[in-house]
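Protein chains in written order, with our numbering: chain E, 5 to 325; chain H, 10 to 302; chain L, 352 to 678.
Just so you know, these hints were derived from the structure itself, not from any lab. We put the beta carbon where it would ideally sit given N, CA and C, even for glycine. Misleading hints may appear alongside valid ones.
Estimated spans, in silico, between C-beta atoms of each pair [to be verified]:
hint : chain 1 : residue 1 : chain 2 : residue 2 : range
1    : L       : E526      : E       : T269      : 51 to 59 Å
2    : E       : G92       : H       : I216      : 28 to 36 Å
3    : L       : H382      : E       : T269      : 43 to 51 Å
4    : H       : L212      : L       : H507      : 13 to 21 Å
5    : L       : E526      : E       : T241      : 45 to 53 Å
6    : H       : V49       : E       : G92       : 51 to 59 Å
7    : E       : A300      : L       : E490      : 30 to 38 Å
8    : E       : I265      : H       : G34       : 47 to 55 Å
9    : E       : P127      : L       : T468      : 33 to 41 Å
10   : L       : T468      : E       : P280      : 42 to 50 Å
11   : H       : A118      : L       : E490      : 53 to 61 Å
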Amino acid sequence: MSAPVLALDNVSIRYPSAPAAAVRNVSFEVGTGETLGIVGESGSGKSTLAAAMMGLLPRGSCVTGSLRFEGRDLFGQMTERDLRQLRGRDIATIAQDPFTALNPVMKIGRQLDIFQHWYHDRPRAERKARILEMLEQVRLSDPDVRMQQYPHQLSGGILQRVSIAAALLAEPKLLIADEPTTALDATTEAQILGIMAEAKETLRGATVFITHDMSVVERLCDRIAVLYAGELVETGTVAEVLGNPQHPYTKALLECDPARIEEPTSELPTIGGTVPALDDRPAGCIFEPRCPSAVARCRAEAPLRHDLGPRRSAACHLVTP
Amino acid sequence: MTDQTAAAPRAVKAERHATLRRLLGTPTGAVASLVVAAFVIAALAAPLVAPYDPNAIDPINRMQGPSAAHWLGTDQLGRDLLSRIVFGTRTALYIALTGTGAALGVGMAMGMIAGLGGKILDSALVLLNDSIKSLPLVLFALALVTIYGASVPALIVIIAISMAPGYFRVVRNQVLVLNNADFIVAAQSMGASRLRLAATHMLPNLIGPILVLIAMDIPAVIGIESGLSFLGQGIQPPQSSWGNMLSEGYTYVRQAPHIAIAAGLPIVLSTIAFTFLGETLRDALDPRRAVRT
Amino acid sequence: MTQPILEARNLRVRYPSGTLTDRLLGRGPRHVTVLPDVSLSVEAGQTLGLIGESGSGKTTLGRAAIGLAPISGGSIRVGDATATSEDAPEWAGIRRRTSMMFQDAVASLDPRMTLGTSVTEPLAIAGGFDGNRRDKAAELLGLVGLSPDFADRYPHQISGGQARRVTVARALALEPDLVIADEPTAGLDLSVQGELLNLLGELQNRLGVSFLFITHNLSVARHVTNRIAIMYLGRIVEEAPTRTIFSAPEHPYTRALIGAREATGGGGLIEGDVPSLTRRPEGCEFRTRCPLATDLCAAKAPALREIAPGHTASCHYAGQPAGVSHS
Ligand SMILES: Nc1ncnc2c1ncn2[C@@H]1O[C@H](COP(=O)(O)OP(=O)(O)OP(=O)(O)O)[C@@H](O)[C@H]1O
Ligand SMILES: Nc1ncnc2c1ncn2[C@@H]1O[C@H](COP(=O)(O)OP(=O)(O)OP(=O)(O)O)[C@@H](O)[C@H]1O
Ligand code: SF4
Ligand code: SF4
Ligand SMILES: [Mg+2]
Ligand SMILES: [Mg+2]
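So here's chain E without its partners, still in its complex pose (with noise of 0.2 Å):
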């Protein structure tokens, strides 16, 4: 691989007032033309780590560790001013809450030619064409009307659908999809992920795409890493990881898609107990107080990361190379 695009090494995150840190030692990169496909339970710090991605993240909150953008560590080495610049020119969101991230009183077209900067000295004529032309990319009914609506007139799916059509209007060299199908209909979401499959081959940047859909995981991301409580749990390529999970999480969490089961059940599969509380963390392994598997050794001691191959690991004693 050349150089990753995006290479987090031992990221911690706590945010400010929280009694401890949200994500905790986590390291993996994305390269060129990658599609690294986050999972992970509600409230394991998937969307903190899109925040830190883009150098956002609340005042006082405290990082340890670097997180490197094509090199450059962006907690160490830039001011505000250059983050700023790199969130506006080469790195885009797709935020999990489309409506917040949009300006409430814009219209939507003008929301739009603002994140084509690249194209700002370009007649208006072209520039309104092309948002269109993006708009339809992204199957949006009348393009034209939705250009004059405010965001509270839009639908949750189209919304999401615009700013899906903001971030590659944007054409970022990393783009950071925070759950950006979840409120699309089957059909319209196979579309739009054969959009973005198009669009990362043409814009040969990195993608991150933060989901808790198995079935978009394996339609358009390579690899994956699997969160468990702000920890890396088990990372690799989709193929090693949804074909043969190795880490008890992965395993548990797979157990429950509804999608894998046959007859319909009004029992779902659950992994039974909760997630611990963040000051209240078991010393040993963090999945053992739910680990169907778990022995002795893992309450007394966390386990590390076992490397099983070339950029694939999971972090549980049980494991071996």
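Could you slot chains H and L with the ligands onto chain E? The hints should help.
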């Protein structure tokens, strides 16, 4: 690696007091709050704080430099400068508060009408406010003063007219946003009354940006008052006002430069203090404000 | 059989449209009709799934069911209260026994309110609660697997999935008869999603709560709904028991949806332009994208008709054995 959390308390609790804590937690915020508090106390308790009667003329001690008896010295009529500043604070804050208060009232009313009323009304009000904003403020103020004469009410009217568009914009945008916000609809879906919607959901979300604007506007108002008074078109002597004092000090700047300096001091200090207060308040009130660590 | 708890009859919803200048100049349509004519019912103690393309009007229908959309025709009945306009006095009563989970969970929480205040707000509005609000908040949060310390947090301090769970807890605070759940599982991980759905199922068994369950997730719908209604461009195009929808879908749009779920690598796509609400196609509204469209489809709009007991569809060729349909 950056770590600024050393002082951060453990639990997420007490977020209620977090605004205050965030405000006083930064050095600039704490100092600005202190200075502003000092001005307010000086204004409220002027007769108690001021060592002398601000208008007591003392022909023997004219244009004296700072001394133990007169900390900041005396002016061309022998009046104690410190006392005049203290009473000038009263004038300045009175005008600032009534002026911004009136601007807030007018701007808020227009903003509510624009936000809740129909589209035509909205467009008309936006146009009106944009036109006011584009008027050259000082010329406008001088014109009004020449027509109606210099007086405190005239000053307040000038300030209210020139500041109202700012409040109008903030309130209108906020109302437009809130009107369609999901959490407002959610409260409606639970059967919340109009009163409850306004009091528990709308107002708390409106108040933050308004407070910030007020803090930011006060120095501007003080500037207007001082400026007009300096030009002889504001507060009329002998009432103490920072602008008057500056203007008098300017006349004698060669013989007694301390008069001008003493008069300029509170203007500069209050402007800086209120501006910083506004800025820290903005950060403190919006805990979401995303800033790198 | 008892009467349905929620019944929409010939419901019509439209929003004002166009910019101010357009309207002053009389250009373009003044309204966009999102729901032209919807009839739908949710049986007491059951779950009706509402599935449809993004922008087809599902949220609008959910909102209209509690009087939060501009109703311009038809009626909504919940229990024995019937309302026919947005400002009908009946809504107060309807809202007391109905609760709504919003599609955008984060946005549906007041950013300046602690989560504890938010979850117990329905109690405060309904009045008559004299217990300890803090304890109640802790209890409600516990129901959805959140620890009591979440009560002191603000919406921006929690994750998307945690916000979703808070809104679920809020919706259950008053033990409503009917819950309108708009994408209640979006943003949840598979395990929490399972827990939440099991919780809703348990509530249904214990208290007989009925659900209008709006979702995109067919895998979820397959497990938790009794019946499914499919919406396209603001109209119900097919409705049937869940099993039937999956095993024997009749409408070509339903088939495409089911196909898209099963296809990997982009199969099951519906080709063609997404039609616009303001320029609805003549005849069958699905015809611009329907692989089976014929001249008849362009000439005449199919009616929603019963093709088997409890199974309705609006397609000229629904209910005919394969092969004979058309040539
Ligand atoms: N501003 C904040 N202050 C304190 N804690 C926070 C803040 N934002 C998030 N958290 C906490 O940090 C943890 C990680 O949150 P994050 O949003 O990264 O989760 P996530 O993996 O994106 O979850 P989801 O899938 O539900 O969106 C959660 O436990 C959350 O409650
Ligand atoms: N306030 C409004 N003003 C104008 N049009 C609106 C308004 N609210 C919704 N619409 C339009 O009504 C249509 C249906 O919206 P609705 O939110 O009901 O869709 P939905 O089926 O819930 O879609 P999704 O699955 O994307 O959430 C959309 O075209 C939307 O733009
Ligand atoms: S280390 Fe032990 S407790 Fe942790 S995941 Fe592995 S087996 Fe389970
Ligand atoms: S009526 Fe015709 S166009 Fe419409 S769904 Fe049936 S076959 Fe397709
Ligand atoms: Mg998230
Ligand atoms: Mg919707």
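Distance restraint hint 33 to 41 Å, applied to the beta-carbon atoms of E:P127 and L:T468: 52 Å, violated
I want to verify a distance hint. Is the separation of the beta carbons of H:L212 and L:H507 within 13 to 21 Å? About 19 Å separates the Cβ atoms of H:L212 and L:H507, which means 13 to 21 Å holds.
Range hint compliance [Cβ, H:A118 to L:E490, 53 to 61 Å]: 44 Å, violated
Per the hint of 30 to 38 Å, is the separation of the Cβ atoms of E:A300 and L:E490 within bounds? 36 Å, holds
Range first: 51 to 59 Å. Now tell me if the beta carbons of L:E526 and E:T269 are that far apart. 25 Å, violated
Given the hint of 43 to 51 Å, is the C-beta distance from L:H382 to E:T269 inside that range or not? The hint (43 to 51 Å, Cβ to Cβ) holds, given that L:H382 and E:T269 are roughly 44 Å apart.
Determine whether the Cβ-Cβ distance between L:E526 and E:T241 falls within the hinted range of 45 to 53 Å. 47 Å, holds
Distance restraint evaluation - H:V49, E:G92, Cβ atoms, bounds 51 to 59 Å: Violated, at about 41 Å.
Indicate whether the distance between the beta carbons of L:T468 and E:P280 respects the range 42 to 50 Å. Since the Cβ atoms of L:T468 and E:P280 sit about 26 Å apart, the hinted range of 42 to 50 Å is violated.
Just to be sure I understand the hint, the distance between the Cβ atoms of E:I265 and H:G34 should be within 47 to 55 Å; is that true here? 52 Å, holds
If I claimed the Cβ atoms of E:G92 and H:I216 lie 28 to 36 Å apart, would that claim hold in this structure? Holds, since E:G92 and H:I216 (Cβ atoms, about 31 Å apart) stay within the stated range.
Checked against the numbered hints listed earlier, the structure breaks hints 1, 6, 9, 10, 11; every other hint is satisfied.
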